[in-house]
Each structure stands twice: as C-alpha cells, then as structure tokens.
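Modelling step: build the complete structure from the supplied sequences, incorporating the hints.
Residue numbers (my numbering), protein chains in the order written: chain H, 77 to 453; chain S, 77 to 453.
There are no misleading hints in this set.
Since the list gives no way to pick one copy over another, a pair counts as held whenever it fits inside one copy or between any two copies.
Dumping the calculated DMTMM-like pairs for lysine to aspartate or glutamate here, alpha-carbon to alpha-carbon at most 25 Å:
1. K238 x D306
2. K238 x D192
3. K238 x E420
4. K238 x D412
Since the hints were derived computationally from the structure, they do not count as laboratory data.
Predicted, not measured: the structure shown is a model, and the values here were computed from it.
2 protein chains.
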Amino acid sequence: MSEQPAGGDLSRLRQLNAAAVLRELRGDQPLTLTELSKRTRLSRASTEDVARDLLGRGWLTEVAPASGSVGRPARRYRFNAGAGRLLGIDIGGHKALALVTDLDGDVLNQSRIEVDPELGRRERLAVLDRCVRKALAGAGVEAGQIWSTGVATTGLVDGTGKVMLSDSLPEWTGVDLGAHVRRLVPGPVRVENDCKLAALAETWRGVARYAKDVVFLLAGLRTGAGLIIDGKLHRGFANWSGEIGALPAAGWQQAPHHLHTWLETAPPGADGFERVFVAARAGDREALAAVRAYVQDLAVGASALVLTLDPQLVVIGGGFSRSADVMVEPLRRELDRWCLRTPEIRVSAFADEGVALGAVRLALDEVESTITTGLRP
Amino acid sequence: MSEQPAGGDLSRLRQLNAAAVLRELRGDQPLTLTELSKRTRLSRASTEDVARDLLGRGWLTEVAPASGSVGRPARRYRFNAGAGRLLGIDIGGHKALALVTDLDGDVLNQSRIEVDPELGRRERLAVLDRCVRKALAGAGVEAGQIWSTGVATTGLVDGTGKVMLSDSLPEWTGVDLGAHVRRLVPGPVRVENDCKLAALAETWRGVARYAKDVVFLLAGLRTGAGLIIDGKLHRGFANWSGEIGALPAAGWQQAPHHLHTWLETAPPGADGFERVFVAARAGDREALAAVRAYVQDLAVGASALVLTLDPQLVVIGGGFSRSADVMVEPLRRELDRWCLRTPEIRVSAFADEGVALGAVRLALDEVESTITTGLRP
Numbered sequence: 077m078s079e080q081p082a083g084g085d086l087s088r089l090r091q092l093n094a095a096a097v098l099r100e101l102r103g104d105q106p107l108t109l110t111e112l113s114k115r116t117r118l119s120r121a122s123t124e125d126v127a128r129d130l131l132g133r134g135w136l137t138e139v140a141p142a143s144g145s146v147g148r149p150a151r152r153y154r155f156n157a158g159a160g161r162l163l164g165i166d167i168g169g170h171k172a173l174a175l176v177t178d179l180d181g182d183v184l185n186q187s188r189i190e191v192d193p194e195l196g197r198r199e200r201l202a203v204l205d206r207c208v209r210k211a212l213a214g215a216g217v218e219a220g221q222i223w224s225t226g227v228a229t230t231g232l233v234d235g236t237g238k239v240m241l242s243d244s245l246p247e248w249t250g251v252d253l254g255a256h257v258r259r260l261v262p263g264p265v266r267v268e269n270d271c272k273l274a275a276l277a278e279t280w281r282g283v284a285r286y287a288k289d290v291v292f293l294l295a296g297l298r299t300g301a302g303l304i305i306d307g308k309l310h311r312g313f314a315n316w317s318g319e320i321g322a323l324p325a326a327g328w329q330q331a332p333h334h335l336h337t338w339l340e341t342a343p344p345g346a347d348g349f350e351r352v353f354v355a356a357r358a359g360d361r362e363a364l365a366a367v368r369a370y371v372q373d374l375a376v377g378a379s380a381l382v383l384t385l386d387p388q389l390v391v392i393g394g395g396f397s398r399s400a401d402v403m404v405e406p407l408r409r410e411l412d413r414w415c416l417r418t419p420e421i422r423v424s425a426f427a428d429e430g431v432a433l434g435a436v437r438l439a440l441d442e443v444e445s446t447i448t449t450g451l452r453p
Numbered sequence: 077m078s079e080q081p082a083g084g085d086l087s088r089l090r091q092l093n094a095a096a097v098l099r100e101l102r103g104d105q106p107l108t109l110t111e112l113s114k115r116t117r118l119s120r121a122s123t124e125d126v127a128r129d130l131l132g133r134g135w136l137t138e139v140a141p142a143s144g145s146v147g148r149p150a151r152r153y154r155f156n157a158g159a160g161r162l163l164g165i166d167i168g169g170h171k172a173l174a175l176v177t178d179l180d181g182d183v184l185n186q187s188r189i190e191v192d193p194e195l196g197r198r199e200r201l202a203v204l205d206r207c208v209r210k211a212l213a214g215a216g217v218e219a220g221q222i223w224s225t226g227v228a229t230t231g232l233v234d235g236t237g238k239v240m241l242s243d244s245l246p247e248w249t250g251v252d253l254g255a256h257v258r259r260l261v262p263g264p265v266r267v268e269n270d271c272k273l274a275a276l277a278e279t280w281r282g283v284a285r286y287a288k289d290v291v292f293l294l295a296g297l298r299t300g301a302g303l304i305i306d307g308k309l310h311r312g313f314a315n316w317s318g319e320i321g322a323l324p325a326a327g328w329q330q331a332p333h334h335l336h337t338w339l340e341t342a343p344p345g346a347d348g349f350e351r352v353f354v355a356a357r358a359g360d361r362e363a364l365a366a367v368r369a370y371v372q373d374l375a376v377g378a379s380a381l382v383l384t385l386d387p388q389l390v391v392i393g394g395g396f397s398r399s400a401d402v403m404v405e406p407l408r409r410e411l412d413r414w415c416l417r418t419p420e421i422r423v424s425a426f427a428d429e430g431v432a433l434g435a436v437r438l439a440l441d442e443v444e445s446t447i448t449t450g451l452r453p
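Rendered as structure tokens:
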C-alpha cells in the first residue's frame with residue numbers, strides 16, 4: 077500500500093480525463109476500457125492512457141474477467157478503495173469518536189472515548205489523541221497511511237481549522253484544531269462544524285441521499301442546524317451558516333429548559349435526558365407536556381428554516397433523535413401550524429455517529445479534489 | 077429583424093460550441109475568429125463553423141475592422157443584441173410596469189400604469205394588458221418580435237405560471253398569469269415571485285453584482301425576501317423559499333403597524349408612508365420612534381435569514397428603500413445585536429423598477445437556455 081497518493085504532474089486535460097474515468101468507476105460495477113470510453117466519451121486511446129496511469133498510481137485495480145464471456149475476455153477495472161485510508165474525527169462535549177475507513181468510506185475501525193463535558197482544552201485534546209491512536213491501532217493502520225483527515229467539532233470553525241467561537245465547551249474558542257491534528261497524521265486535515273458534517277453525512281449515506289435541499293436539525297442538549305442547498309453543503313460567506321439558534325426569537329435557547337425542569341422534579345435515574353422521553357412514551361402527563369413544550373420551541377426555529385429555504389426534507393438527528401417516536405408527530409403538527417408547506421420529516425439512522433461519518437466525507441472530498449487537481453505531492 | 081429565434085437542429089456538440097462562442101461575445105469587445113478560438117479553446121475550423129451558423133441566424137453581426145491595423149484586417153464579431161426583443165412585466169398591488177429591452181437587457185421602452193390596490197382580478201389583468209401594449213407601442217415593437225417574456229407578481233407562483241397563494245391582492249390566488257400573458261405575446265412566458273426577481277436583478281445589474289450569497293429584503297407595505305445562494309436564485313423544492321415573513325415570530329407581520337399607527341395620529345398629507353420617513357428625517361421624535369420600532373421588527377426576520385445563510389451582503393429594496401438614510405443605521409445596529417457576523421448592507425439603486433428588471437433577466441435566462449439547448453422552434 078502506498079503511503080501517500082501519487083500525483084502532481086498530470087496536465088490539466090489529463091486530470092480532467094482521469095477524474096471522468098474515476099467518477100465512472102466509483103460505482104459498484106467494474107468496467108472494461110470499451111465501457112469506460114463510451115461512458116466518459118473519451119477516445120479509446122485517451123481512456124487507455126488514463127487507465128494505465130491510474131493503475132500505476134494504485135487508484136485502479138484490474139479484476140478477473142466476467143465469466144462466460146466468449147473469445148478473449150476484455151480486462152475490467154475498478155476503483156481501488158484500498159489504495160489509501162481516511163480518518164474521520166468527532167470531538168464533542170461528551171465523547172471523542174474516530175473512524176478509520178477505506179477510500180470508499182467503508183469503516184475499518186471505530187473508536188469511542190467518553191469525555192467529561194467540563195474537561196478543559198488540553199485534557200480534551202489528549203482524549204482526542206488517544207482516540208485516534210486507538211482507532212489506527214484497531215484498524216492495523218499506521219498514521220502515515222492516512223491520506224486525508226476530517227475533523228468535526230462543536231462551534232464555528234474558520235477555513236484553516238481554528239475554532240472561532242464555541243459557547244458549549246470550556247476553553248474551546250480559539251483552539252487550532254487543524255494544527256493539532258496535523259501533528260498526529262500526515263496529509264491534509266480539514267475541520268468543520270459538527271452540524272454541517274452531520275448534514276453532509278445524511279446526503280452521502282443517510283436518509284437524505286435522494287434530496288437536494290435539506291434542513292438537518294441537531295436535536296439534543298444543544299440544538300443546531302446544517303443546510304444542504306442544491307446538493308451541496310451550504311457554508312456561507314464566513315462559514316457561519318445555520319446559526320439561527322443564536323436568535324432568541326427562534327426558541328432554541330430556551331427549548332431544552334422544559335426538559336430540564338421536568339428532570340428536576342422527577343425521581344432520579346441514570347440516563348439523563350433519556351428519562352423524560354421514556355416517561356413521555358409511557359404516558360406520564362407531565363413528561364408529555366415537557367416534551368411538547370420542547371418541540372414547540374424547537375419548531376419555531378425549524379419553521380423559520382423551512383419557510384426560508386423550502387427544503388424537500390427535514391432530517392432530525394442528534395441525541396434526542398433516538399426518541400423520535402415521541403417527537404416527530406408533535407413536530408410535524410407545529411410545522412403544519414407555521415409553514416406554508418411542511419416538508420417530509422425523516423429521522424437520522426446514524427445514532428450519534430453521523431457527525432464522524434460526515435468528517436470522513438470531508439476527508440474524501442479532499443481526496444477527490446486531489447484527483448481532479450493533482451495538487452497533492 | 078427575425079420574428080423568432082432560429083434553432084432546432086444543431087447537434088448537441090454544436091450547441092455547446094455555439095454557447096461557448098456566444099458567452100465570449102456577451103462582453104463589450106468584438107472579437108476576431110482567432111481571439112474567439114483561443115478563448116473558447118475550440119479549433120479554428122469549429123470556431124469558423126459556429127460563427128457562420130450564428131451569423132446566419134442573426135445572433136452575431138460583423139463589425140468594422142479595428143482601425144490602424146496593418147495588412148488585411150481580421151473580421152471582428154459581436155453579439156447582436158438587436159436580433160430580438162424581451163419583455164419584462166411587474167404586476168403588483170399599486171402598479172403595472174412593463175419593460176421592452178434588447179437581448180442585452182437594455183431598456184428600449186418602459187411603461188407604468190398606477191393601479192388601485194383594491195382592484196379585482198379582471199380589472200388588474202386589463203391594466204396589465206394596457207401596460208404591455210403601451211410599452212410595445214412605445215418601443216415600436218410588434219408583439220411577434222418578443223422572443224421571451226418574464227412576469228413578476230406578488231404571491232407564490234408554481235412552475236407553470238399560476239399564482240398559488242397571494243394574501244395581498246384581491247382575487248389573485250389561482251390566477252393563471254402564465255396563460256394570460258401567453259395570449260398577449262408569442263414565445264415562452266415565465267412567471268416568478270417579485271421578491272425573487274428583485275434579488276435576481278440586484279445580482280445581475282444592481283448593487284449585488286459581485287456577491288454570491290445575498291439576502292434581498294423587500295421593505296415596503298409588504299415585507300419579503302429573495303435569496304441568492306452560490307450565485308443562483310434559490311427557489312426551493314416547491315418554489316416557496318424566502319417566506320419567513322409568514323412566521324409571526326419573525327416580526328414582519330407587525331412591522332408596518334408601527335408606521336400605520338404614527339400615520340393615524342399625524343397631520344394628513346398626500347404621500348402615504350413616505351410622510352413618516354420625512355418626519356423622522358426632520359427629527360420628529362414620534363416618527364423616529366415609529367421607524368425604530370418598524371426596523372426592530374424587520375430586523376428579527378432579517379437576523380434569522382442572516383444567521384441561517386451567513387450571506388456576504390444584505391440588499392434593502394422595495395418602496396421604503398428610498399428612505400434608507402433613516403433606516404440603514406438602525407437596521408445595522410439591530411443586526412449587530414442579534415447576528416454573529418453582520419454582513420455588509422447595501423441599498424438598491426433601482427427605486428421600484430428592480431422587480432421588472434428581474435423579470436427581464438428571467439426572460440433572458442430563457443433565451444440563453446435556448447442557445448445552449450436549441451429547443452426553440
């Protein structure tokens with residue numbers, strides 16, 4: 077396995093041709109040169125040229141000819157997802173989560189370490205380091221084999237990977253997460269806000285795969301949003317999109333207080349917020365009222381997003397999405413009340429791993445842009 | 077002058093080549109075949125082929141060779157904006173406005189008829205008809221010379237040109253504006269919401285020309301929004317984007333009431349809402365308080381849009397934008413209060429003609445898609 081993707085001196089035209097060939101080969105089917113030439117509309121000669129080059133770089137592999145073919149069977153090629161490894165990291169309030177995947181984003185190892193929400197910057201970064209080492213060891217992968225890394229964090233992140241603002245983690249504003257992670261792994265490291273990456277994961281491999289305009293709602297201890305517009309993650313001019321929760325009128329700041337208040341008066345139990353949803357599911361009237369009040373506040377900001385963007389789909393993710401059975405119908409009723417058109421509502425199937433998966437997608441974006449630009453060493 | 081653009085049997089490749097050539101010729105400079113070939117990266121032969129074809133169709137004209145050139149001067153070509161005419165219509169609560177333009181969107185004639193806001197559907201459509209006839213006559217253009225028409229209206233519009241919902245014009249919900257206008261002019265007719273088209277006009281020829289992400293605020297008797305995202309008009313899944321004003325928490329429904337209330341107690345005058353801004357400008361304390369209360373409500377919804385999208389630019393248009401000098405600073409202060417990052421604020425320079433200009437842009441989009449697809453007869 078090569079340590080780093082080769083590249084660098086493809087001409088612009090050959091880069092585009094290579095990208096076209098790789099795009100066709102990202103599907104499930106291996107393809108012959110004839111099929112590739114037809115699909116890419118490149119000449120046979122150009123197709124052969126590109127395929128030879130990509131084979132040399134390890135991006136393609138040859139697979140056994142189709143059985144039952146008559147005469148000399150044509151060679152078939154597929155994308156070599158094993159050529160490199162990707163790393164996706166989610167560093168949040170309560171956990172660090174690291175995924176090591178192949179170039180298709182298929183997970184080879186997943187490591188999780190629970191984190192005390194009150195932990196300071198140094199201690200939290202130390203947990204991140206341990207989590208990454210554990211994931212690499214679990215996948216049997218050296219740091220040098222990681223081609224590209226995506227990092228998700230709460231808070232607003234700038235283009236270099238620095239946390240510009242975090243109001244939920246202690247000492248987190250100002251941390252240069254990009255620089256920190258670059259010390260752990262070679263290759264490019266990109267850092268992005270967790271809600272944005274969770275939205276990306278839903279359109280990549282989740283319940284929003286078919287949709288071009290999506291509002292992703294992170295419903296949990298914090299409330300947040302990530303926006304997919306015209307099939308792309310919407311970042312905004314300074315990468316500060318999706319922050320409607322900062323507006324008091326949107327209701328998100330007060331939303332979890334209804335659940336807190338119920339928890340304060342309820343008999344103690346081990347599983348935190350989960351308890352109020354369990355009690356509501358069991359028919360406890362006060363728990364039901366607390367959940368309803370929470371959803372009413374959540375729905376104000378959610379309606380603002382829906383009325384603004386008119387998305388095809390709203391996806392509910394985050395910790396509370398496990399309790400979607402008691403949340404979705406009340407939320408739909410509230411959206412019906414405020415919105416001109418209530419979009420379809422779906423619940424994330426990723427439990428709390430969507431954010432890290434979005435970080436993998438970010439790493440993969442970087443690799444795919446490498447293919448088309450040849451900028452990597 | 078041809079009555080309709082020719083087209084129809086260009087092969088797909090030639091369509092793309094033709095589009096590439098026309099794109100280069102939409103600039104100010106006439107270009108030689110050598111220059112065109114270099115810029116489009118088409119072969120000399122293909123460039124000649126396309127240019128001959130486009131000359132025949134009337135899309136190009138030859139211009140006099142550059143003076144002072146040595147030897148036999150090369151022929152130069154430019155886009156023939158006079159080959160056809162476009163029509164842009166704005167049918168609103170208080171006026172009908174029609175623009176006849178060339179294919180560059182340069183206005184040949186502009187006609188306006190004031191409308192009583194209480195007018196019913198038939199009467200309002202009759203005014204629209206008169207306004208269109210007046211504009212055509214003023215430009216010396218027959219209906220048959222109109223290649224493409226854009227229509228702007230208040231309310232939500234579907235893809236066929238039908239008004240799905242209008243809460244501000246009597247009997248307007250359900251009117252098939254597309255079908256009505258198709259009886260007046262041949263060629264394609266596209267209908268769109270007025271706020272969306274005003275936003276489009278700002279990015280095309282207005283103060284938002286340089287920006288990719290723009291929130292356009294229509295500030296007037298009604299409040300509305302149009303969104304430009306990643307350089308394109310954002311329509312949404314059912315074309316119902318930008319409707320955050322429907323949410324009471326956004327403040328836009330109550331915003332104009334502060335101005336109404338002041339007007340009720342103020343000495344009568346002829347110029348409606350303008351009076352409160354005039355009085356505020358002159359330092360009348362109660363008028364200033366009314367404007368401030370209006371801006372405070374406007375800013376809640378505006379902040380929701382800014383926090384959601386993180387645009388580069390907010391553009392203030394609509395009737396009240398003439399009074400921007402008393403509105404913009406208070407608005408900026410309110411945005412500073414609620415938003416994490418206050419974008420630049422600019423005031424539309426279009427008075428109340430931006431909407432009709434956006435309708436022209438819509439008509440032009442149609443013509444340009446014709447160029448690339450050759451679908452027109």
